[in-house]
Amino acid sequence: MTAGLTLNKITSQRGVSIGEAARRIADLGWNPSYVQEAMTFPTDYKIGRQPKDPMKQVLRSYFPMQEEKDNRVYGALDAALRGDMFRNVEARWVEWMKLFLAIIPFPEISAARSMSMLARLAPGEELRTGFTMQMIDEFRHSTIQMNLKKWYMENYIDPAGFDITEAAFGKCYATTIGRQFGEGFLTGDAVTAANVYLQVVAETAFTNTLFVAMPSEAARNGDYALPTVFLSVQSDESRHIGNGHSLLMSILNDPDNHLLLERDLRYAFWQNHCIIDAAVGTLIEYGTTNRDKSKESYVELWHRWIYEDYYRTYMLPLEKYGIKVHHDDVAAAWDRLVKKNYHHKVAQFFSVGWPVNFWRIEAQTDKDFEWFEHKYPGWYAEFGDYWRWYGKKSVPGETPMLFDQENGYVYPHRCWSCMVPCLIREDFVVDEVDGKLYTYCSELCRWTHKVAFSAEYEGRSTPAMGRFSGRREWEECYHGWDLADCIKDLGFVRSDGKTLVPQPHLRFDDKEMWTLDHVKGNTIQSPLVLLRNMTPEQREKHIADYRAGFTIRPFQ
Amino acid sequence: MNAFTQEAIAQPPRSGAAGAAQFAGWDSRKYTYYKPKGRHATHYEDVTVDVQPDPKRYLLQDFIISFPDGTPTYSENWTAAKSSDWHQFRAVDEEWERTHYQRQSTICGMIGNVVENARRAGAPKRLDRTWVKVLEQYLGAYKHAEFGLGMATMHAQRYGYTQMINSAILTNSSYKLRFAQDLTLYLAELALDLPEINLDLGKQHWLENPAWQGTREAVEAINGTSDYLEKYFAVNLVFEPLVAELVRSGFFMQVAAAQGDFTTPTVISAAEGDYQRNLANTAELVHILSQDAEHGAHNRALFNRWLAEHGKRALAAARQLQPMWSLPHHKVAQFPEALNRALERIRSITGELGLELPAELKAA
Ligand SMILES: [Fe+2]
Ligand SMILES: [Fe+2]
Ligand SMILES: [Zn+2]
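Line order of the protein sequences matches chains A and B. Take this note's numbering: the final residue in the first sequence is number 556, and no numbers are missing along the way. Take this note's numbering: the final residue in the second sequence is number 364, and no numbers are missing along the way.
Just so you know, the hints here were simulated from the structure itself, not pulled from any lab data. C-beta atoms are modelled at their ideal positions from N, C-alpha and C, and glycine is treated no differently. Hints should not be assumed to be uniformly reliable.
Said to hold, decoys possible - Distance windows between CB atoms, simulated: (1) Arg460/A with Gln102/B: 42 to 52 Å; (2) Trp30/A with His330/B: 53 to 63 Å; (3) Pro255/A with Asp128/B: 39 to 49 Å; (4) Ser226/B with Pro255/A: 24 to 34 Å; (5) Thr40/A with Pro36/B: 34 to 44 Å; (6) Met110/B with Glu37/A: 26 to 36 Å.
Take these sequences, add in the hints, and give me the full structure.
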């Protein structure tokens, strides 16, 4: 037998070509004549042109391909256990996975649900298979991540926090940010939510930071499981980005849509920045023990993926279709990261709030300081002493950081829009919507709530646009509560009924662990409730003081 | 520096593995926030339950975005059915991503093998000529009905109040859309060996042949309702037993072999297997709602109304398909028997669920 001849070549026969298959499948739909399709989720956009599916995929090749991907993932999880991965894994890293993996399955499944909103919107059938695959992909992502989390719970030294994961997701003061992200995919105007916010911005711009930066950092911390799962997840994203782009192209085609698209690109970009950069920036730089100075920092990755790949090669070309691209927003996001220390302030905030979280956050130490100072010159002057205070206050019997008066931290207001607190104090904004006072982290977040999520946009009626609702300020839910009662209500207490799930350290020893008794006697207050109750003069002074910021006291 | 130096604080644990240290909660290795249906939590439950949150299950701050009329991200009002606990339902087939891909992929492989082996053996060339026309026009038309059910369920999987309900509807949609594509590509494969097959004729028959108009109307009516549960109900408890099984088992599976066709039944058998799972899931959900201590009576009345409305259309659709049975050369099945079996099937399903069939269906 000659080298090139294989059994496959002898027996293989011609079959239907992929192009022909895709064309046939695209002809399965029809225009109903007996009963019209039910009114689905509304949009203010007009979609006249049939979107094209350049990927030409069919389900019969999709399922086997995905099964094969799954086999690799589950094989790797088994191999990680055989290789005793947890013996060498960094606990600092796995602890943060309690937060990350509590959040992410919900946005994933929300993306699956949102596909039904798109499948009925666009005329023609071509892209429907693409939406179908995305629906099933996102179901895959959600359950494969739940599986990974269960696996950590079963094999990692401290399962507390993993064991309450979905309950914690619904209640924690940090996960609220992830719910804003997920609900954004599937509520309100269908195109705004599922096409622009999810596909065009979250998936096209930000999934690299989520699903590529996270795995790299995981591997540096001895975690080989997360990379296997998340790179597999990421391998589905090009399909979703393709879906989003095709639909965007048919939307662009009608100049009537341009104003709404400009609004939605602004909202989606800014809010993705607020949420994803807060979360991923913190996870990969504060959840790691690897301080290799040659690796790229979060802002360096951001520059490559968001600025170069997304802004320059995806957003800018939209200008030639007549879309106004807001260059200043991209510049403002960049400034928040590099000049205003956005994600460093987020990490600081998460650590202040450790008693109402459900994972362990240990202090950053000298080795960490050196790396931060190297990557972010000036970091030490602003955050060094804070983390030293945090280390000192990690001992049960000290005042919890949330209430500690000694270190000088001032608890922040919440942004009503992105749900991340207003951490860049000088950018703090207060405004009234429908006669009520609200607080925002930035001017664009104010605009998002007051101008974008409204019944009218620049004189044009937008009856399909969503609204912000619910008890968006977490602190308000526990205003006036004792901290110990709050933690009990959150369910963040271990099986002995008194030891807290969260701990400000990685000491796996009962003697070192905080209990309800250690946190009793501190009353939670809502900054927004307090602000609303002030007289106008008090309020004006409060806002000015807040914008002036605070100083951490020197640690001695 | 006090006693807690940076070095002491930075001291890493010896090992990050389970059991490396014992402290409060060190052995809490099961999800504790939900009650399993059986004695032990299943893998399906662990990866499914409570992933879609709601204010009745831990959602402290409520949904935080709403539609312009104030309807939240998920609403119990998206169906007329009522439940005192939407969270009780578990899918009987316990499908999650891995089992779903395994099953779908196995089916794709099976169909691929059958088609390839048949072609290698020259089977298409030996098919009865009249039968080829039936496949071209009737199986070609029927694939659109399956697609319609796939779109109805794809739409419905957005609206359920729990993850368990929505994911069961999602896999249902995935099965239906795969099968619609299976049929489409199966016919396209046949046409490679039998160039006389006109692949456009199926859709034309679907749109114009009087025999299919009742079926099309029934499918369009399912897609026309805005109640997601009504869609799921009508697909699996009405249309599938009365029309879809009638066409799949009552006609193609039974008749094909006598026409020298051994491949079509294999392709179609996959859908019969899919339906068993979808039926079990739907029946379980409908059963729970029918027995609801608070809302059972309301729900049964609602379900009976859905049965009557969609049942009437489905029965008319089934009857209009009668001419199909006289098309093949070798007549091995009779329409009346096939219809009777379909009627028995829906009677047994609804009987089990304690629902009341409309008079037409009882007497037919
Ligand atoms: Fe995803
Ligand atoms: Fe995606
Ligand atoms: Zn904000």
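Hints that the structure is at odds with (numbers, increasing): Violated hints: 2, 3; rest satisfied.
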